[in-house]
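Asker: Residues per chain are reported as follows:
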Amino acid sequence: MTEITAQPRRFDRRKFVVGSGALVVAIGTPRLLDPKAAFAKASEFPIGQAVVDPLQVDSWLAIKGDGTVVLQSGKEELGTGTVTTAMQVVADELDVPFSKVRSVIADTWTTPNQGVTAGSQSSPTNFTTQNGVRQAAAEARAALLNLAATALGQPVSNLTVKDGVVSVKGSSQQTTYAALVGNKKINAPITGKAVPKSFFDYKIVGTSVPRVDIPEKVFGKFTFNGDIRLPGMAYVRVVRPPTYDSTLVAIDGFPHRIPGLIKVVVKKNWIAVVAEREEQAAQAAASLKVRWNVAPLPNFSTFHEDLVAQAPANTTNRVLINTFDTDAKLASAAKTVTAEYRIPIQMHGPMGASSAAAWVQGNTAVVWCHTQNVWAERAMLSQATGIPVQNIRVIFVEGSGVYGLSGADNAGLDAIMASQATGRPVRIQYTRADEHKWENYGQPYVHKIKGGLDASGKIVAWDSESFTASRGSRPGPPANVPSGVLMGFPENPLAASPAPTPSQAPYNVDGSNNAPSYITGAERIVTHTAKLSFFHGPLRSPNRFQNTWAYEQFVDELAYAAGQDPLAFRIAHLKDQRLIDVFNLAAKLASWQPKVANSKPGSARLLKGRGIGGMIYEGDNGYNASVADVTVDTKTGKITVDGVYSGQDCGPVLNPRGMQMQAEGCALQAISRTLKEELKWGPNGVSSKDWESYPVIRFNELPKVFKFQAIDRKDADKAMGAGEVLITSLPPAIANAFFDATGVRMRSMPLTPAKVRAALKQAGKA
Amino acid sequence: MAKLVISVNGKQHQVTATPDTPLLYVLRNELHLHGPRFGCGLSQCGACTVHIDGKAVRSCVTPVAGALGKPVMTLEGLGTEAKPHPLQKAFIDQQAAQCGYCTNGMIMAASAFLEVTPRPTEEQIKSAMNPWLCRCGTHFRIVAAIQQASKAMA
Chain A
34 MTEITAQPRR FDRRKFVVGS GALVVAIGTP RLLDPKAAFA KASEFPIGQA
84 VVDPLQVDSW LAIKGDGTVV LQSGKEELGT GTVTTAMQVV ADELDVPFSK
134 VRSVIADTWT TPNQGVTAGS QSSPTNFTTQ NGVRQAAAEA RAALLNLAAT
184 ALGQPVSNLT VKDGVVSVKG SSQQTTYAAL VGNKKINAPI TGKAVPKSFF
234 DYKIVGTSVP RVDIPEKVFG KFTFNGDIRL PGMAYVRVVR PPTYDSTLVA
284 IDGFPHRIPG LIKVVVKKNW IAVVAEREEQ AAQAAASLKV RWNVAPLPNF
334 STFHEDLVAQ APANTTNRVL INTFDTDAKL ASAAKTVTAE YRIPIQMHGP
384 MGASSAAAWV QGNTAVVWCH TQNVWAERAM LSQATGIPVQ NIRVIFVEGS
434 GVYGLSGADN AGLDAIMASQ ATGRPVRIQY TRADEHKWEN YGQPYVHKIK
484 GGLDASGKIV AWDSESFTAS RGSRPGPPAN VPSGVLMGFP ENPLAASPAP
534 TPSQAPYNVD GSNNAPSYIT GAERIVTHTA KLSFFHGPLR SPNRFQNTWA
584 YEQFVDELAY AAGQDPLAFR IAHLKDQRLI DVFNLAAKLA SWQPKVANSK
634 PGSARLLKGR GIGGMIYEGD NGYNASVADV TVDTKTGKIT VDGVYSGQDC
684 GPVLNPRGMQ MQAEGCALQA ISRTLKEELK WGPNGVSSKD WESYPVIRFN
734 ELPKVFKFQA IDRKDADKAM GAGEVLITSL PPAIANAFFD ATGVRMRSMP
784 LTPAKVRAAL KQAGKA
Chain B
2 MAKLVISVNG KQHQVTATPD TPLLYVLRNE LHLHGPRFGC GLSQCGACTV
52 HIDGKAVRSC VTPVAGALGK PVMTLEGLGT EAKPHPLQKA FIDQQAAQCG
102 YCTNGMIMAA SAFLEVTPRP TEEQIKSAMN PWLCRCGTHF RIVAAIQQAS
152 KAMA
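First to last, the sequence lines map onto chains A and B.
Residue numbers for the first sequence follow the working numbering, so the first one is 34 and each next one is one higher.
Residue numbers for the second sequence follow the working numbering, so the first one is 2 and each next one is one higher.
It should be emphasised that the hints constitute simulated quantities derived from the structure, not laboratory data.
Computed from a prediction, not measured in an experiment: that's the story for all the values here.
Check the hints yourself; a few may be wrong.
Unchecked claim - Residues on chain A that point at chain B, a partial pick, calculated with CB under 8 Å:
#1 GLY112
#2 VAL228
#3 VAL251
#4 PHE257
#5 GLY382
#6 GLY385
#7 TRP408
#8 ARG690
#9 LEU735
Cβ coordinates follow ideal geometry from the N, Cα and C atoms, glycine included.
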């Protein structure tokens with residue numbers, strides 16, 4: 034590590050003490066983000082063998098002396114309400130009021146390793162598996178009742194619980210959880226034998242309990258990641274090259290003296306400036322003169338064509354399904370339809386640019402980060418710093434909503450490296466451009482699909498080839514995130530193409546919605562993944578969003594070719610009753626009138642249309658179908674989404690309003706991505722550097738009608754994720770509605786006014 | 002670096018900063034406030050919104066010098082859990098937050114707006130709030146919360 038321009042300021046011990054008295058980072062938080070535990074002097078940080086045994090009840094739940102139950106959640110609150118929902122099941126299983134439940138969230142020191150909070154897996158994990166909160170709470174209840182039985186000299190079958198008070202049936206004899214184990218360990222293993230209550234018996238699960246974090250957020254008392262202060266804390270900004278693979282030629286320094294500058298830290302092509310005050314760090318980063326050897330980005334205007342051209346020589350090629358009769362069935366089909374669909378690179382674009390704090394002291398470190406996986410982040414930070422993994426504590430502190438792999442993990446890496454290089458506790462704040470230009474973006478896609486229909490309008494073949502790009506990923510090797518590459522850590526090579534594993538069961542084969550949900554007769558599904566300049570990572574509904582954009586438009590094109598109503602055509606080709614049910618529910622909410630799309634073409638300037646889309650998320654993790662109503666202004670090319678009608682089935686509804694909030698967020702992000710969002714760049718860098726150059730949905734673009742209904746299946750064996758289903762089904766519904774309105778297909782997202790005008794003009798409709 | 006006196010949430014504070022330091026950094030790093038947030042630093046998203054003289058201002062691009070001698074109010078000063086502003090109550094009632102990062106800007110913008118337009122139509126609300134961004138898609142609930150607060154304040 035090269036260090037230049039050091040202007041160290043002596044660390045003032047007296048200031049440290051005074052400063053630490055002002056370490057008010059969380060006031061009156063209901064989530065027990067205890068400032069003393071989390072933010073005390075470094076010497077008091079418990080760092081060491083931080084292994085939280087997931088097979089002990091005490092790792093999941095603690096009973097305080099006042100009867101408060103603390104959930105130690107390995108799953109994070111990312112703005113989706115998942116921790117509130119987990120607290121609901123704790124209250125229900127233990128028979129305590131919801132108001133007596135608190136939570137501690139994702140800390141490698143204190144919470145069980147529940148892995149990444151992502152992929153719509155929190156509800157399935159917590160409610161369905163034996164490694165989740167529901168099971169842990171049932172185990173805790175069983176253990177507490179055993180203790181009560183001993184204390185009261187009664188068999189467990191004679192005991193009842195209400196509000197944390199254990200009573201003997203028909204007697205005044207009682208005790209409490211607090212009396213039994215308050216502030217003590219429960220000392221019971223997770224046996225796997227405790228039986229949770231049925232969804233029918235829950236009183237709190239299934240109700241719209243308000244989110245526990247919202248009050249602090251509306252009073253300005255919430256501690257977000259960027260609010261963390263450490264004694265003697267310095268501030269960090271990064272200085273990025275123009276493009277990802279540019280190399281550093283020379284640092285020419287500052288045009289004028291930067292007050293408060295502590296250090297410019299350089300590691301290969303990675304540069305960070307560290308200063309006493311935030312505005313000084315910002316000034317330093319903005320004015321540092323650096324010369325780079327610029328590695329140009331791919332050609333923007335031919336990006337998708339060039340992506341396709343990478344295959345098969347420079348791509349990982351996978352044959353996911355091959356029934357070996359697709360070519361023959363296409364050759365003998367009465368009608369064939371061919372189409373190509375495109376998705377641009379889109380960004381997570383969290384409203385708050387990412388931040389992180391880190392404090393390296395010798396061979397130990399604490400990092401406060403809004404990564405979605407504190408354990409993987411810790412492993413990555415250990416690799417990058419050489420600090421043993423057990424000496425690093427990573428504490429999740431909420432940032433702004435991320436919807437996948439934003440800059441959060443990268444910020445954690447930047448922070449720990451800057452702290453290690455300076456010996457100072459630090460906090461990094463990305464600028465808007467740092468976030469916009471350097472995140473792990475959602476994946477671009479091209480789908481080329483050919484389908485066949487027989488004379489009766491039945492699908493006889495479905496032949497899909499997709500092309501995408503991938504570089505980096507969630508934390509693993511440091512080079513999975515952009516800073517790791519800048520620092521010179523080695524990248525994983527492009528994965529080798531696996532041997533084809535032909536399947537005779539063409540149905541949602543890989544959990545990424547790579548296979549259509551429809552009965553197709555013959556099927557061939559091939560994917561190609563290239564490695565280009567841009568970093569990629571999961572963006573809300575990764576791959577599923579893109580695959581469904583293609584498939585749910587293509588099935589509409591087949592319906593049109595068959596001369597059938599798009600809904601009736603779908604249902605005729607579906608076999609999963611739950612998917613059929615959500616299609617019918619969405620249609621009912623929208624008062625769907627069967628007709629062939631664009632069968633009554635209009636000629637007015639404003640054309641109205643209606644479309645539908647739906648899918649089973651990941652093949653087994655949530656069902657959604659959505660109807661979209663649009664108005665197309667044929668003169669300006671502007672599409673307005675007037676209405677969204679959506680039916681959903683995620684098994685038992687755990688928190689109805691929480692699910693509704695996720696549905697609303699999905700709908701508005703879907704409209705934003707479908708109509709507006711596209712990363713733009715030139716050879717010398719990404720030009721989508723802020724909200725002007727990467728516009729997202731605003732208040733004046735809300736649909737006037739939003740109707741959402743969920744089927745509550747309390748008897749279902751599995752709770753499913755609700756955070757990614759509607760965003761997957763709605764985009765193709767919007768595109769299908771555009772076709773219904775205009776008779777013109779728009780297969781390339783986003784459907785911007787300029788592209789709409791061009792498409793209408795080409796079709797002779799404008 | 003100068004010693005400056007600013008009035009925030011009804012109290013005088015002496016802070017050390019150069020006059021061109023963004024007010025946002027002074028509020029967050031010197032006064033340790035958690036309401037105003039850094040979103041973009043470009044006056045585009047509104048997460049940093051505070052009131053100066055009762056007007057909604059983007060504190061990320063407002064130099065601290067611009068707040069001298071004028072009352073600054075942040076989300077913390079608007080109301081408390083014991084005495085919430087009607088908008089704060091409405092945001093809780095309507096659950097008008099997902100991640101909550103934009104919430105500060107939404108409430109501060111709406112409170113300044115309702116002072117000028119106490120009985121807005123839905124279209125007026127959307128138009129007034131259009132310069133404030135939310136990435137989670139909480140817009141329906143934010144509109145509903147502003148409508149609720151407007152009725153409560155009538």
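Asker: Which earlier hints turn out false for this structure, listed by number in ascending order?
Answerer: As far as the earlier hints go, 2 and 7 are violated by this structure, in ascending order.
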